[in-house]
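Trainee: Heads up: the protein sequence lines correspond to chains A and B, in order. Position in the first sequence (first residue = 1) + 154 = this note's numbering. Position in the second sequence (first residue = 1) + 2 = this note's numbering.
Don't read these hints as lab results, they were simulated from the structure. It is possible that some hints are incorrect.
Said to hold, decoys possible - Below 20 Å or equal to it, Euclidean Cα-Cα: the simulated SDA-like pairs (lysine to any residue) are:
#, chain 1, residue 1, chain 2, residue 2
1, A, 187, B, 92
2, A, 186, B, 88
3, B, 66, B, 84
Stated by the list, open to error - Not close to chain B: a few residues of chain A, all C-beta gaps over 12 Å, as computed:
#, residue
4, 171
5, 259
6, 355
Even for Gly, the Cβ is constructed at its ideal location relative to N, Cα and C.
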Amino acid sequence: MHVPDGFLDAPTSMATGAVAAAGVAVALRGAKKELDDRTAPLAGLVATFIFATQMLNFPVAAGTSGHLLGGALAAILVGPATGLLCMSVVFLVQCLLFADGGITALGTNIVLMGLVTVVVGWLVFRGLQAVLPKRLSMVAPAAAVGALVSVPVAAFVFVLLYAVGGTVDIPLGSLTAAMVGVHSLIGIGEAVITFLAVGSIVAVRPDLVYGARRVLATRDLEVREVAA
Amino acid sequence: MKRVSTRTVLVVGLLVVLVLAGFVSYYASSSPDGLNRVAADHGFSSAQEQHRAEQGPFAGYETKGLDDGRLSGGLAGVVGTVVVLVVAGGLTFALRRRRTSDQPRELVDERER
Numbered sequence: 155m156h157v158p159d160g161f162l163d164a165p166t167s168m169a170t171g172a173v174a175a176a177g178v179a180v181a182l183r184g185a186k187k188e189l190d191d192r193t194a195p196l197a198g199l200v201a202t203f204i205f206a207t208q209m210l211n212f213p214v215a216a217g218t219s220g221h222l223l224g225g226a227l228a229a230i231l232v233g234p235a236t237g238l239l240c241m242s243v244v245f246l247v248q249c250l251l252f253a254d255g256g257i258t259a260l261g262t263n264i265v266l267m268g269l270v271t272v273v274v275g276w277l278v279f280r281g282l283q284a285v286l287p288k289r290l291s292m293v294a295p296a297a298a299v300g301a302l303v304s305v306p307v308a309a310f311v312f313v314l315l316y317a318v319g320g321t322v323d324i325p326l327g328s329l330t331a332a333m334v335g336v337h338s339l340i341g342i343g344e345a346v347i348t349f350l351a352v353g354s355i356v357a358v359r360p361d362l363v364y365g366a367r368r369v370l371a372t373r374d375l376e377v378r379e380v381a382a
Numbered sequence: 003m004k005r006v007s008t009r010t011v012l013v014v015g016l017l018v019v020l021v022l023a024g025f026v027s028y029y030a031s032s033s034p035d036g037l038n039r040v041a042a043d044h045g046f047s048s049a050q051e052q053h054r055a056e057q058g059p060f061a062g063y064e065t066k067g068l069d070d071g072r073l074s075g076g077l078a079g080v081v082g083t084v085v086v087l088v089v090a091g092g093l094t095f096a097l098r099r100r101r102t103s104d105q106p107r108e109l110v111d112e113r114e115r
């Protein structure tokens, strides 16, 4: 979903640039609380995983492909603030080194594929955690649902931005249907990859997974009760 | 559940990432992605401007001067992985809470368990 230069006009691009800068500033503060000696290297790994996986376009319909966005995945593995930083680094490198995603559209891409997928993925995940049993086996499925929802929402936010600052006048109804439709399919791929990645780390080292911390804390309490 | 060291998780993870970026990426679908397809179908793909970094050595995930598709894309993927690792890893490493000496070791271990 990398937006190239030219799709959105300059005022809209500047506005998304400002939102992205504010988001990154907040994330820089928040990440200090999320990161410690153990999780900092994992965050670097998560950023490279998102970069690599974004190269892997999978077919979703005739002549159309999609790739992981990764905000939900990053938020659940390393925390939402650190997750947004990882995503922003990936978009910056893609833009400057690989000419993927416009330079004036960098803010737009950080907002759409970073901020929106991190926030939506994290909120859906936390909402599900509140109602699901507090078990480790629930972490990956909840992450997958967060991922599934995050992609069409990001596509819808693109339509909102296009409605404000799109450079070519087109009917918004059909644009909404097309964008949300195809990105719902891409969301399924996003959910599968997120489930596998989060599930793998939860299986070997649940203590490294940010989104599993509350579950582990509850479990520790139970153990102490039995011991007493 | 078998306890795997953090180092093992990181090393295996990085190897998986390098294989994905350096090898599997060759087999990725080359069809336009969701947004590009919608832009083409709905008539605003013409608004796309030429990328200012298009002349770069790795633009379009291809290595300039390498004609072999596997090598060209694979090298671009590996270079990108290393650059992202250095930038993101450096940033998160600089931001991390350091284990302070006045913090009892047992308390830290309790949290890490």
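Trainee: Hint by hint, say whether it matches the structure.
Mentor: To see whether the hints hold, each was checked on the structure:
1. A/187 / B/92: holds, 16 Å
2. A/186 / B/88: Within the cut-off at roughly 18 Å; holds.
3. B/66 / B/84: Status holds; Cα separation ~18 Å.
4. 171: holds, 15 Å
5. 259: Violated: least Cβ distance 10 Å, not greater than 12 Å.
6. 355: violated, 7 Å
Of the numbered hints listed earlier, those contradicted by the structure are 5, 6.
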